[in-house]
Amino acid sequence: MKLLTVNFLTCAVKTCKTSSESYPLHFRDAQLEQNPQTFNPLFIRNILSRLDWSALTTTANELGLTAMLPDHNPADDMMVDSEGATEEEKNRAKDNVISEEVLKKLHTFLVDTAVIEGKLVCGNCGFEYPIKEGVGNFLLPPHLV
Amino acid sequence: MAKQYPQDGPGTPPANTLLQSLHDLPRGPTGEILTNMLPTPDTSHVSFNTIYEPSEDSFLLLDTLSSTTEVTWLRKRFASKTPYLVEVGTGSGVVIAFLTANAEQVFGRPILSLGIDVNANACHATKETVRKATAEQTAGSLYLGSITGDLCSSLLPGSVDVLVFNPPYVPSEELPALPGLERKYRDKFEHDSHLLALTTDGGEEGMETTTRLFAQIPYLLSPSGVAYILLCAQNRPEAVKSWVAEDLPKGPWLSETVGSSGKKGGWEKLQIVRIWNEKAAGNG
Numbered sequence: 001m002k003l004l005t006v007n008f009l010t011c012a013v014k015t016c017k018t019s020s021e022s023y024p025l026h027f028r029d030a031q032l033e034q035n036p037q038t039f040n041p042l043f044i045r046n047i048l049s050r051l052d053w054s055a056l057t058t059t060a061n062e063l064g065l066t067a068m069l070p071d072h073n074p075a076d077d078m079m080v081d082s083e084g085a086t087e088e089e090k091n092r093a094k095d096n097v098i099s100e101e102v103l104k105k106l107h108t109f110l111v112d113t114a115v116i117e118g119k120l121v122c123g124n125c126g127f128e129y130p131i132k133e134g135v136g137n138f139l140l141p142p143h144l145v
Numbered sequence: 001m002a003k004q005y006p007q008d009g010p011g012t013p014p015a016n017t018l019l020q021s022l023h024d025l026p027r028g029p030t031g032e033i034l035t036n037m038l039p040t041p042d043t044s045h046v047s048f049n050t051i052y053e054p055s056e057d058s059f060l061l062l063d064t065l066s067s068t069t070e071v072t073w074l075r076k077r078f079a080s081k082t083p084y085l086v087e088v089g090t091g092s093g094v095v096i097a098f099l100t101a102n103a104e105q106v107f108g109r110p111i112l113s114l115g116i117d118v119n120a121n122a123c124h125a126t127k128e129t130v131r132k133a134t135a136e137q138t139a140g141s142l143y144l145g146s147i148t149g150d151l152c153s154s155l156l157p158g159s160v161d162v163l164v165f166n167p168p169y170v171p172s173e174e175l176p177a178l179p180g181l182e183r184k185y186r187d188k189f190e191h192d193s194h195l196l197a198l199t200t201d202g203g204e205e206g207m208e209t210t211t212r213l214f215a216q217i218p219y220l221l222s223p224s225g226v227a228y229i230l231l232c233a234q235n236r237p238e239a240v241k242s243w244v245a246e247d248l249p250k251g252p253w254l255s256e257t258v259g260s261s262g263k264k265g266g267w268e269k270l271q272i273v274r275i276w277n278e279k280a281a282g283n284g
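Heads up: the protein sequence lines correspond to chains A and B, in order.
Take the first sequence: its position 82, counted from the start at 1, is 82 in the working numbering, and no numbers get skipped.
Take the second sequence: its position 100, counted from the start at 1, is 100 in the working numbering, and no numbers get skipped.
Since the hints were made in silico from the structure, they are not lab data.
Ideal Cβ placement from N, Cα and C applies to all residues, glycine included.
A few of these clues could be false.
Claimed, not checked - Listed below are several chain B residues computed to face chain A (Cβ distance under 8 Å; list not exhaustive): (1) Y84; (2) L142; (3) T148; (4) S159.
Claimed, not checked - Under 7 Å between C-beta atoms, here's a sample of chain B residues computed to sit facing chain A: (5) T82; (6) P110; (7) G149; (8) D150.
With the hints as constraints, model all of the structure from the sequences given.
Below, the structure written as structure tokens:
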């Protein structure tokens with residue numbers, strides 16, 4: 001399971017859906033694996049806009065991988081509010097390219113890194129979802145359904 | 001083992017024959033023979049003791065999603081966004097592997113994909129099917145992995161762009177319990193039979209599981225989201241489509257049959273319904 005998966009998951013317990021504490025789920029005892037894939041800078045650039053940066057930062061911090069992520073989403077630098085922006089600002093945004101170094105780090109974090117064993121824990125109800133051989137189990141026991 | 005369709009009269013060809021003929025002659029939604037066939041993922045490593053073997057319904061999904069009409073529609077829909085695709089009930093992984101490996105041809109760009117199955121064996125099988133299918137890729141899509149779960153209960157709301165579901169659609173007297181709720185088995189045979197029943201048995205009208213998924217759709221899909229759901233004739237597809245148009249929350253929702261197979265006496269045995277919303281996407 002790629003680390004990026006956690007950006008798209010939340011607690012399966014119904015009563016947790018409305019709690020901001022249920023996202024992102026928190027890694028515990030995570031065992032990571034590097035599986036290098038071909039670097040595709042365009043793909044990384046294209047998925048940036050759909051990432052929840054604050055959740056991603058939480059995940060990186062928990063895994064001791066804070067250095068892999070810039071402090072804000074580089075895609076934000078590329079966007080200029082068209083109503084308030086001057087010509088100069090728009091041009092600057094257009095010329096703004098995300099450095100190869102940043103994209104490579106993001107590639108390593110998002111694409112190459114997977115979690116193979118461990119748990120994902122809900123910050124609201126505390127339920128622990130086990131991850132075994134890279135597959136997270138989100139089936140709930142009867143009393144939580 | 002293929003899903004056994006309820007017998008609708010003598011002379012219904014066995015599913016295996018249908019599978020073979022369909023596989024030889026893939027057709028698009030309007031019956032056109034697809035000329036630029038994309039490779040079908042290899043599932044030779046999968047043990048079908050507890051996992052649904054790719055069958056007519058699985059191949060109908062592959063053919064429909066790679067048909068000229070759907071490819072055109074999807075490319076337009078996701079012209080400026082990398083789609084995040086989720087398949088529920090991946091089984092062997094043949095569908096998600098096909099869509100991940102052939103994303104450039106289908107969506108016009110690489111995708112992010114995630115598989116869900118109630119059976120952990122299916123999740124492991126899917127991982128391997130995707131790995132094999134994407135092994136030759138250099139600038140390909142990102143398969144996030146597979147998780148075990150009950151439909152989409154653990155997915156972040158509003159995130160899914162493309163949802164694909166080949167449900168357990170065969171009408172059955174009982175709906176099998178989820179594996180997490182019924183762990184004690186007399187023997188391996190009972191265990192395997194239970195997991196296999198989960199891949200086919202849909203309870204009343206074959207719709208009990210599909211209805212639960214429909215209830216999640218409005219909260220699950222992104223504004224540009226689209227769902228592809230496979231239905232059989234006994235699911236009463238026309239009634240389902242009217243219900244989607246009139247009663248599915250956060251609508252209005254549009255639905256259209258975009259692929260079908262096994263025409264018999266004017267009835268399509270299987271069809272694939274595309275469900276989407278025009279409010280925010282601004283195209284279609």
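Enumerated hints in conflict with the structure, sorted upward: none
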